[in-house]
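There are 2 protein chains.
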Amino acid sequence: MIKTRFTEAFGVEHPIVQGGMQWVGRAELTSAVANAGALGFLTALTQPTPEALSKEIARCREMTDKPFGVNLTILPAINPPPYAEYRRAIIESGIKIVETAGYKPQEHVDDFKANGVKVIHKCTSVRHGVSSVRYGVDAISIDGFECAGHPGEDDVGGLILIPCAADKIKIPMIASGGFGDARGLVAALALGADGVNMGTRFCATKEAPLHENFKQQMVENDERATDLIFRTMHNTARVAKNKISQEVVALERGGAKFEEVRHLVTGVRGREGLETGDLDAGIWSAGQVQGLVHDVPSVKDLVDRIISEAEEIINKRLASFVR
Amino acid sequence: MIKTRFTEAFGVEHPIVQGGMQWVGRAELTSAVANAGALGFLTALTQPTPEALSKEIARCREMTDKPFGVNLTILPAINPPPYAEYRRAIIESGIKIVETAGYKPQEHVDDFKANGVKVIHKCTSVRHGVSSVRYGVDAISIDGFECAGHPGEDDVGGLILIPCAADKIKIPMIASGGFGDARGLVAALALGADGVNMGTRFCATKEAPLHENFKQQMVENDERATDLIFRTMHNTARVAKNKISQEVVALERGGAKFEEVRHLVTGVRGREGLETGDLDAGIWSAGQVQGLVHDVPSVKDLVDRIISEAEEIINKRLASFVR
Numbered sequence: 004m005i006k007t008r009f010t011e012a013f014g015v016e017h018p019i020v021q022g023g024m025q026w027v028g029r030a031e032l033t034s035a036v037a038n039a040g041a042l043g044f045l046t047a048l049t050q051p052t053p054e055a056l057s058k059e060i061a062r063c064r065e066m067t068d069k070p071f072g073v074n075l076t077i078l079p080a081i082n083p084p085p086y087a088e089y090r091r092a093i094i095e096s097g098i099k100i101v102e103t104a105g106y107k108p109q110e111h112v113d114d115f116k117a118n119g120v121k122v123i124h125k126c127t128s129v130r131h132g133v134s135s136v137r138y139g140v141d142a143i144s145i146d147g148f149e150c151a152g153h154p155g156e157d158d159v160g161g162l163i164l165i166p167c168a169a170d171k172i173k174i175p176m177i178a179s180g181g182f183g184d185a186r187g188l189v190a191a192l193a194l195g196a197d198g199v200n201m202g203t204r205f206c207a208t209k210e211a212p213l214h215e216n217f218k219q220q221m222v223e224n225d226e227r228a229t230d231l232i233f234r235t236m237h238n239t240a241r242v243a244k245n246k247i248s249q250e251v252v253a254l255e256r257g258g259a260k261f262e263e264v265r266h267l268v269t270g271v272r273g274r275e276g277l278e279t280g281d282l283d284a285g286i287w288s289a290g291q292v293q294g295l296v297h298d299v300p301s302v303k304d305l306v307d308r309i310i311s312e313a314e315e316i317i318n319k320r321l322a323s324f325v326r
Numbered sequence: 004m005i006k007t008r009f010t011e012a013f014g015v016e017h018p019i020v021q022g023g024m025q026w027v028g029r030a031e032l033t034s035a036v037a038n039a040g041a042l043g044f045l046t047a048l049t050q051p052t053p054e055a056l057s058k059e060i061a062r063c064r065e066m067t068d069k070p071f072g073v074n075l076t077i078l079p080a081i082n083p084p085p086y087a088e089y090r091r092a093i094i095e096s097g098i099k100i101v102e103t104a105g106y107k108p109q110e111h112v113d114d115f116k117a118n119g120v121k122v123i124h125k126c127t128s129v130r131h132g133v134s135s136v137r138y139g140v141d142a143i144s145i146d147g148f149e150c151a152g153h154p155g156e157d158d159v160g161g162l163i164l165i166p167c168a169a170d171k172i173k174i175p176m177i178a179s180g181g182f183g184d185a186r187g188l189v190a191a192l193a194l195g196a197d198g199v200n201m202g203t204r205f206c207a208t209k210e211a212p213l214h215e216n217f218k219q220q221m222v223e224n225d226e227r228a229t230d231l232i233f234r235t236m237h238n239t240a241r242v243a244k245n246k247i248s249q250e251v252v253a254l255e256r257g258g259a260k261f262e263e264v265r266h267l268v269t270g271v272r273g274r275e276g277l278e279t280g281d282l283d284a285g286i287w288s289a290g291q292v293q294g295l296v297h298d299v300p301s302v303k304d305l306v307d308r309i310i311s312e313a314e315e316i317i318n319k320r321l322a323s324f325v326r
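These protein sequence lines map, in sequence, to chains F and S.
Sequential numbering from 4 applies to the first sequence in this note's numbering.
Sequential numbering from 4 applies to the second sequence in this note's numbering.
Honestly, the hints are just simulated from the structure, not real lab data.
Certain hints may be false.
Pairs involving identical chains hold if they fit within one copy or between any two copies, as the list cannot separate such chains.
[Said to hold, decoys possible] Only pairs whose alpha carbons sit at most 30 Å apart, straight line, appear in this in silico DSBU-like list of lysine-lysine:
1. LYS260 - LYS209
2. LYS246 - LYS99
3. LYS244 - LYS218
4. LYS303 - LYS171
5. LYS303 - LYS6
6. LYS121 - LYS244
7. LYS171 - LYS218
8. LYS246 - LYS260
9. LYS209 - LYS246
Owing to the predicted nature of the structure, the values given are computational and were not obtained by experimental measurement.
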């Protein structure tokens, strides 16, 4: 067993988190993560309505009696989703842990805290981590350059970002971006984190509600098989390298305007390709950790393996170096 | 003390390397690193001629009786330096450890090995690491995205690059790029490396032959104070963010041609600014680890601190997590 102040503060067995993932953060995966003793999060906005989220929470409860949370990602939008209603659904469902991400979460943090919900805020820079502490959150999740999805625009690798954050942030901290095995977990703990978040690695598990083709692709891909897109829009995303991501990269390198890039991606990010397993039909988040994904185990086998190997790295490998 | 198969194979006290650094890799720094029990390298091409290199090796020997090495970086050039003559100078000076870097080192590796010189080859990708093993080198130094100087074009963070390399490379491996403190050393060992290389961190020491202004700048800079330049020339370099680096970034973002970028940087990369301490007079390599540089200690104090803190992280922090 590996226990940190994170496992203690959040009442989970292992210092491993499955944070919010659009489309994938459903009851199948989150309940499996909870049953494995790690902390899983349903993704609120994967559900079309607050009512659907309430039902998904109830469905997840039927699949596990261990704690799990809900991710609420706040993005600026012309027609934003009804965030306050999603928040009420979370609170009224009796969820006790929330992962927030995105812009200006203060009103959400205040309401969650007033209702006895612990908040982990995800951010991609030290300065935003420091702000999060001021928001009153209980922990931060700091997401480095290697991550799937949105790494921010600073491009600071986890090797640097984690200890820099640890120097300034004294509440529990989850290291995110580039984690998928025991070596990474021990490295994160050495760098000053209290646990790790895994996204891409949890997508390549039996229980992840994803077409088999995507899981197989993650096994086959190496650490170079991602692209950074939407940099020119200051909304950088790390995605699996495929036909469409390469077209976006070429457009952006060629100095294409916002509208041209948007025109290319409009319509291809939908869910149809996800359901049919057509790897080139859309743009899919994936992290560099693909290079460390070599199998598609059950969530429990993955978590057990990471913990037992981490114990071995600490007790045997590292201990043997000290004379 | 921290002992790994690297310290054993190379006969050094600590698993810490100060690899080649143009202009800085001189006897003052390398002898201080050797005296501190780490492995320092003079940089061959910092010396104007092979004869000058022989003299610098002799000068370094006067300053330490511990082992040190020489870095030989091989770059393609229209008028290349006399590499074979530098190599002879190294061998005839009785140097027993060489760090090679750059393109197609086979003839150099062959000659060094035939003369009883151990070779560490520095590379920036797993595939080049695998090739290096075939060259017959004794160890590799794998340099990740966070590093100062040339990170290659793959942009894989050390958190991923190191374990991916460890999965495929079975000879001793030094992790490079983003290392500057005990947390990083322990992380590298956990990720599968046998030691770390530090460049930027060793530049911010009392003995580094660098104007005080640069050392102070490293202390003041945070992890975001670097720029990646020359990407459009497929010769990416990570440098300290300053007036000139920002001009290059703007030119490259604007789609400038090779000749325009070259015109801007021609003349500003010289040594005058280095000597006068004019921070905006040139382009200077610096890594993201600047964010972890908070002081300018002696080399010995730095090395001793890293080793004793690393022992504490392994024996106390990490050990306390395992129940």
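Quiz prompt | Structure versus earlier hints, numbers of those that do not hold, lowest first | solution = Of the numbered hints, 1, 2, 6 do not hold.
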